[in-house]
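Visitor: For reference, the chains in residue letters:
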Amino acid sequence: MNKIETKNVHLYYGDFHALKGISMSIQQNTVTALIGPSGCGKSTYLRLFNRMNDLIDNVRIEGDVLLDGKDIYKKNIGLRIDELRKKVGMVFQKPNPFPKTIFENVAYGLRVNGINHRSFIEERVETSLRQAALWEEVKDKLKKSAFELSGGQQQRLCIARALAIEPSVLLMDEPASALDPISTSKIEELIYELKTKYTIIIVTHNMQQAGRVSDKTAFFYLGDLIEYDDTPVIFTNPKDIRTQSYVTGRFG
Amino acid sequence: MTHLDVELKRLKEEKIEMFDLVISQLNKAKTAFLTMDKALAREVNFNEKRVNALELKIDKDCENIFALFNPVAIDLRFVLAVLKINSNLERIGDIADGISRYVAETEEAFDTELLQVTRLEEMWTTAIEMLTEVQKAFDADDAKLSRGVFKKDDLLDEINGNANDVIEQYIKAHPDKIRQALHIVSAIRKLERTGDQTKNIAEEIIFFLEAKVLKHLSEKAKSE
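If you're matching them up, the sequences are chains A and B in order.
My numbering puts the first residue of the first sequence at 1, with every later residue one more than the last.
My numbering puts the first residue of the second sequence at 253, with every later residue one more than the last.
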């Protein structure tokens, strides 16, 4: 089943045509990597799914963006942005924990959604931290500030925070680019494990990372989707010469 | 277990499956050859397609692992070794297939005297034992066990080395059985090749485990 689908999506930042008719289907419980040089539209495409682009002035979006078969940009289906963002979590390039305790960072999403039941919150915080492979490292210091954690731990905390509200889709915008190799491999293992429960879309500049973590890879260039295929195909036998140039590092 | 570990484990399982299949092909080819069982020979010919399909699958999986996971150190050596073992096993599969074709072509059973003087059964048994041992070595990551097959190959070389004289004498005594004798010579040559292929596999296992390159070294140096 298609978890996410876009049909002929165009996006303009004022006069700038950032996405040029992107049609793509993403299956449930898969990891999809979006790759391409800077400015190719991959992050813009990612931000379609939690309507983050809406925050930018003069943005104009055409075409259909479907989540579970429903167009998330159609006003008449009554899906509010906060409801959408409960279904679609996001993790950013730099870890951005709140200036709160480790516990409260993870509990935050639940609290703003009006959940106050203490044991429920405690349980969900633990589950989320376990899912994010962080529980063992922080279980004895939940009341400490999140800023005391290392960069890699902070990023896993942000993943736990995103998971706490039980989204079905996880968007990741270069989640490991600011991390050391060990933390990066932890995040990658996490992505591999999380796909049994979530549909994950990841933007990455690191092609090897795309190879290691994803089932499908989409190559974007100048706002066009050049090639979208199974990751092994993209990395062993891409059909488009531009994809080949990019994955072999000979672009330009 | 990392994602790469999962892929490497799967690759190892596939490789062991290929060992099983090729050893089974050799066993069947042996029985078919020694008992003139044409049905069994045809089964070996039929199963050759499976060996080839598995070879292609493993080649593709190695290619994907290189492209997607950029393995290094022992992981890199493992995938390289699997790739080379793959070619060797496929050729051993070809040999089982080829020898089984002689069974199909030959009308009467091989002369027992001919089989005896050429020590063909002993050769079959040793070749299969060698391959079974390298499979065990591969499965258990055992370099010592791998080294054991180098010695066993001497027997195959010896039988092969004596074959010309033995066959010459046999042909002189049995000029009506020249064709049979020629099939036997071909089978001996092929089985001698399986010994070499098996030794190559053993070298690859040692390369992967110990990062030592044994190719083109003397037998003595290889055993150390």
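Hints were generated in silico from the structure; no laboratory data involved.
All values derive from a computational prediction rather than experimental measurement.
Please note: incorrect hints may appear among the correct ones.
Dumping the calculated SDA-like pairs for lysine to any residue here, alpha-carbon to alpha-carbon at most 20 Å [said to hold, decoys possible]: (1) B/Lys261 / A/Asn237; (2) A/Lys239 / B/Val258; (3) B/Lys261 / A/Glu189; (4) B/Lys261 / A/Asp215; (5) B/Lys309 / A/Lys87; (6) A/Lys195 / B/Val258; (7) B/Lys312 / A/Gln208; (8) A/Lys239 / B/Thr254; (9) A/Lys195 / B/Thr254; (10) A/Lys197 / A/Ala133; (11) A/Lys239 / B/Asn316; (12) B/Lys312 / A/Lys197; (13) B/Lys312 / A/Glu189; (14) A/Lys239 / B/Lys261; (15) B/Lys309 / A/Arg242; (16) B/Lys312 / A/Ala133.
Visitor: Has the given pair, B/Lys261 with A/Asp215, been kept, meaning a C-alpha gap of at most 20 Å?
Guide: With a Cα-Cα distance of about 19 Å, the restraint between B/Lys261 and A/Asp215 holds, given a limit of 20 Å.
Visitor: Could you grab the alpha-carbon distance between A/Lys239 and B/Val258 and see if it respects the 20 Å cut-off?
Guide: It is violated: about 28 Å lies between the C-alpha atoms, which goes past 20 Å.
Visitor: Are the Cα positions of A/Lys197 and A/Ala133 separated by 20 Å at most?
Guide: holds (15 Å)
Visitor: Next pair to validate is B/Lys312 with A/Ala133; report whether the Cα-Cα distance is within 20 Å.
Guide: Since the Cα atoms of B/Lys312 and A/Ala133 sit roughly 32 Å apart, the hinted pair is violated (cutoff 20 Å).
Visitor: Holds or violated: A/Lys239 and B/Thr254, Cα atoms, limit 20 Å.
Guide: violated (30 Å)
Visitor: Quickly compare the C-alpha distance for A/Lys195 and B/Val258 to 20 Å and report which way the hint goes.
Guide: holds (15 Å)
Visitor: Given the hint that B/Lys309 pairs with A/Arg242, does the C-alpha gap stay at or below 20 Å?
Guide: Violated, at roughly 28 Å.
Visitor: Keeping to a limit of 20 Å between CA atoms, is the pair of B/Lys309 and A/Lys87 held or broken?
Guide: With Cα atoms ~39 Å apart, B/Lys309 and A/Lys87 exceed 20 Å; violated.
Visitor: Holds or violated: are the alpha carbons of B/Lys261 and A/Glu189 at most 20 Å from each other?
Guide: Within the cut-off at roughly 16 Å; holds.
Visitor: Could you grab the alpha-carbon distance between B/Lys261 and A/Asn237 and see if it respects the 20 Å cut-off?
Guide: Outside the cut-off at roughly 24 Å; violated.
Visitor: Holds or violated: A/Lys195 with B/Thr254, Cα cutoff 20 Å?
Guide: holds (14 Å)
Visitor: Hinted pair, alpha-carbon criterion (20 Å max): B/Lys312, A/Lys197. Please report holds or violated.
Guide: Cα-Cα ~29 Å, so violated.
In summary, the numbered hints that this structure violates are 1, 2, 5, 8, 12, 13, 14, 15 and 16.
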